[in-house]
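Asks: Sequence:
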Amino acid sequence: MALSTSGQQQDLPGEETDQGVEAVKSIQNVHLADHESKKEENTLNIESKHSRTNNNIDILFTKLERNPDAEKEKEIDRLREENCKLKTDNAELIHRLNEHVNTISELNNIIKVAGDEKASLLTAIRLIQSDDINVRSNNNESQVWTRIESKTQGKTKNQTPSRRINQASNQILEPNQYASLAVDESNENKDMDHNVTPSSTHIENSTNPGRRIQHQKEKQRYSVEPTQQHNASSSKSTEGPIAILGDSMLKKLSPSRLRRSTGKKIIVKPFPGATTSDMKHYIKPTLEKNPQLVVIHVGTNDIQHKEPEEIAKEVESLCRTIMVNGLSKVAISEIIQRADDKLNTKVKKTNVLLAKVCKNNNSSLISNSDINTSSLNASGLHLNDRGAAILAKNYIDFFANDYIHHKYAF
Numbered sequence: 001m002a003l004s005t006s007g008q009q010q011d012l013p014g015e016e017t018d019q020g021v022e023a024v025k026s027i028q029n030v031h032l033a034d035h036e037s038k039k040e041e042n043t044l045n046i047e048s049k050h051s052r053t054n055n056n057i058d059i060l061f062t063k064l065e066r067n068p069d070a071e072k073e074k075e076i077d078r079l080r081e082e083n084c085k086l087k088t089d090n091a092e093l094i095h096r097l098n099e100h101v102n103t104i105s106e107l108n109n110i111i112k113v114a115g116d117e118k119a120s121l122l123t124a125i126r127l128i129q130s131d132d133i134n135v136r137s138n139n140n141e142s143q144v145w146t147r148i149e150s151k152t153q154g155k156t157k158n159q160t161p162s163r164r165i166n167q168a169s170n171q172i173l174e175p176n177q178y179a180s181l182a183v184d185e186s187n188e189n190k191d192m193d194h195n196v197t198p199s200s201t202h203i204e205n206s207t208n209p210g211r212r213i214q215h216q217k218e219k220q221r222y223s224v225e226p227t228q229q230h231n232a233s234s235s236k237s238t239e240g241p242i243a244i245l246g247d248s249m250l251k252k253l254s255p256s257r258l259r260r261s262t263g264k265k266i267i268v269k270p271f272p273g274a275t276t277s278d279m280k281h282y283i284k285p286t287l288e289k290n291p292q293l294v295v296i297h298v299g300t301n302d303i304q305h306k307e308p309e310e311i312a313k314e315v316e317s318l319c320r321t322i323m324v325n326g327l328s329k330v331a332i333s334e335i336i337q338r339a340d341d342k343l344n345t346k347v348k349k350t351n352v353l354l355a356k357v358c359k360n361n362n363s364s365l366i367s368n369s370d371i372n373t374s375s376l377n378a379s380g381l382h383l384n385d386r387g388a389a390i391l392a393k394n395y396i397d398f399f400a401n402d403y404i405h406h407k408y409a410f
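Letter by letter, the sequence shown follows residues 1 to 410 in my numbering.
No lab work stands behind these hints, which were simulated from the structure alone.
Honestly, I wouldn't trust all of these hints.
As the list claims (entries may be wrong) - Here are the in silico distance ranges between beta carbons for each label pair:
no., residue 1, residue 2, range
1, H100, R80, 26 to 34 Å
2, N98, D340, 55 to 63 Å
3, E99, V324, 35 to 43 Å
All values derive from a computational prediction rather than experimental measurement.
Don't be surprised by glycine CBs; every beta carbon is placed ideally from N, CA and C.
Let the sequences and hints guide you as you build the complete structure.
Replies: Written out as structure tokens, the structure is:
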């Protein structure tokens, strides 16, 4: 429009300018009107949406107001069901746990019984082995004695055993003072009574009337002696035996010689390798025989690994186990010296504590201080024949002086 009226603008410039301004304003007004209409339209839309939202909220509130506890009840019911299920599962688990606990308790009892039976069986096996060794030793020695007598029977018949006890001095007199008590000759008298064969007796009686008379007298004497011995043994049968129990230090003691020396029934039960705690199992079979006295010689196998106080405490517990029935008295045999100076120091300290144990428990202590290292074998662990004889003499002296004459006055 400006181009088409260019010539006129030159003539009428003021009017054309006003017209342009008016046109621009008109256009602006149109745009403003459109904007206002759109604004109103948007406002209406927003208000409408807001109204719908409010309506929805009102509807929801209305629903909640109408049934406020419905959802809560459902949730509570669900929780109750879960709780009941958990209680049921918990009760079942507790029941199964109790069953397992009972099973474990039964198994523990079975294991304990099996352990006790095992210990008893081991004790029985060792006792059987010990008895078997003693029987074989006795048989071998009786055979040796018989052979010697059979070789010498042509020389003399009334030969008496070389071993004899001097009652006045209470000493053992024989060719080898120390070896004799370490060897068991339980059939010594029996072999001597039967070492004369019937054929030799018949020849001697037929050729020598004096010998026949002497033989008849001896026969009468032998027939009387068993009766006297039977009466003596019957009077002593009411008394229980004297039991000597302990470790391998006792293995060379001869029960038969101790019996003959003391006139008492004596049982010797060595358990090689036994410790003080082991003896609680080993003494059970012997205690069933109701011994009148139990001599305990233990501690040799504990010295190297335990302290003197611990050994003394275990020995005291062993003594109380023996005395619990009130039928048996207890005597503790001192631990024998060792070749090792360090161990020997522990031995001396332990023996001092054992003396206190005896004093506290009304028991006796058998001193073995006269057994030194010269009485040990080459290994320095066990007694040689000399040491075994000294140990036997210590026991004989104790039975004769401290126990038999004053039986219950410890």
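Asks: Could you run down the list of hints and mark each one as holding or not?
Replies: Against the structure, the hints come out as follows:
1. H100 x R80: 26 to 34 Å: 30 Å, holds
2. N98 x D340: 55 to 63 Å: 56 Å, holds
3. E99 x V324: 35 to 43 Å: 38 Å, holds
In summary, this structure violates none of the numbered hints.
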